[in-house]
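Just so we're on the same page, the numbering used here is the position in the sequence shown counted from 1, plus 2.
The set of hints was computed from the structure by calculation and includes no laboratory data.
Honestly, I wouldn't trust all of these hints.
Stated by the list, open to error - Simulated restraints on C-beta separations:
| # | residue 1 | residue 2 | range |
| --- | --- | --- | --- |
| 1 | Ala47 | Lys105 | 14 to 20 Å |
| 2 | Lys105 | Asp50 | 33 to 39 Å |
| 3 | Pro60 | Met170 | 18 to 24 Å |
| 4 | Phe98 | Asp62 | 18 to 24 Å |
| 5 | Val49 | Ala71 | 20 to 26 Å |
| 6 | Pro102 | Glu82 | 38 to 44 Å |
| 7 | Ile106 | Ala38 | 34 to 40 Å |
| 8 | Ala47 | Gly226 | 46 to 52 Å |
| 9 | Glu104 | His175 | 25 to 31 Å |
| 10 | Ala127 | Asp50 | 18 to 24 Å |
| 11 | Ile106 | Met170 | 42 to 48 Å |
| 12 | Ile106 | Ala127 | 16 to 22 Å |
| 13 | Gly28 | Glu130 | 30 to 36 Å |
| 14 | Pro60 | Ala26 | 19 to 25 Å |
All values reported here derive from a predicted model rather than from experimental measurement.
Don't be surprised by glycine CBs; every beta carbon is placed ideally from N, CA and C.
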Amino acid sequence: MTRTALITGASAGIGTAFAELLAAEGYDVVLVARRAERLNDLAEALVDRYGISALPLPADLAHPAAPAAICGQLAESGIEIDALINNAGLSGSTAFTETPWEKIAAELQIQVNSATELTHRLAPAMRERGWGRIVNLSSIAAFQPPAESLLYTGIKTYVLNMSQALNMELSPHGVHVTALCPGFTRSEFHDVMETREAANRLPGLLWGDADQVARAGWSAVMRGKPVCVPRTVNKFLAASMRPVPLATQYAMSARIKVL
Numbered sequence: 003m004t005r006t007a008l009i010t011g012a013s014a015g016i017g018t019a020f021a022e023l024l025a026a027e028g029y030d031v032v033l034v035a036r037r038a039e040r041l042n043d044l045a046e047a048l049v050d051r052y053g054i055s056a057l058p059l060p061a062d063l064a065h066p067a068a069p070a071a072i073c074g075q076l077a078e079s080g081i082e083i084d085a086l087i088n089n090a091g092l093s094g095s096t097a098f099t100e101t102p103w104e105k106i107a108a109e110l111q112i113q114v115n116s117a118t119e120l121t122h123r124l125a126p127a128m129r130e131r132g133w134g135r136i137v138n139l140s141s142i143a144a145f146q147p148p149a150e151s152l153l154y155t156g157i158k159t160y161v162l163n164m165s166q167a168l169n170m171e172l173s174p175h176g177v178h179v180t181a182l183c184p185g186f187t188r189s190e191f192h193d194v195m196e197t198r199e200a201a202n203r204l205p206g207l208l209w210g211d212a213d214q215v216a217r218a219g220w221s222a223v224m225r226g227k228p229v230c231v232p233r234t235v236n237k238f239l240a241a242s243m244r245p246v247p248l249a250t251q252y253a254m255s256a257r258i259k260v261l
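Whole structure, please, built from the sequences with the hints as guidance.
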């Protein structure tokens, strides 16, 4: 049986790496991003290379109507999603009070609202079928204290906590959810966010590759791990920021009953 994966932010970086990885494993793919030309080129390359089906769906997840529109197109095409990779991301690079609301709203919409809505729309069918995989892109920033002016830390902490909560709910039904928390990753992200100059001053030891991140995240979700921090250096940094180990936090939280 051929399964289908939907990947957001698929036109570059970690999103493209996930598309390549899943296509190589025989998954059909639905590719979502703003840049239609890049999506079309990637879809054609994946079809030629792996003989799978690849559907490019250009969409801007900063628009509140985008998740419903994407799921509507899937329903019209008769496509069922077995794996969801919520990878699309955005980060502000200026002080909160100096940033236009439109940019802040886009940051929240893409990484909080759209990711949550896509999960809410697609997870019930996965549960009904008894199989599903969901990877949500968090960050090692989710383990660190809040950074001045930036919403990124809080957003990625939400993604981390949401993913663990959903995994507790869905894993008994064959649906695994993983928060993928990479550190600095070589991609276009820092160019888009206009933080390349600052990023280039960081030691090379801190940098990982998008392919490494995608492989680690997919391996983790297939093994039912609720949190994945790729690379030893990032595991050390995350552990140094949290007094209670993640596995212990998760085990304790899973036993809490909401009254």
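| Going through the earlier hints one by one, which of them does the structure break, listed in rising order? | When the structure is compared with the hints, numbers 1, 3, 7, 8, 9, 10, 11, 12 and 13 turn out to be violated.
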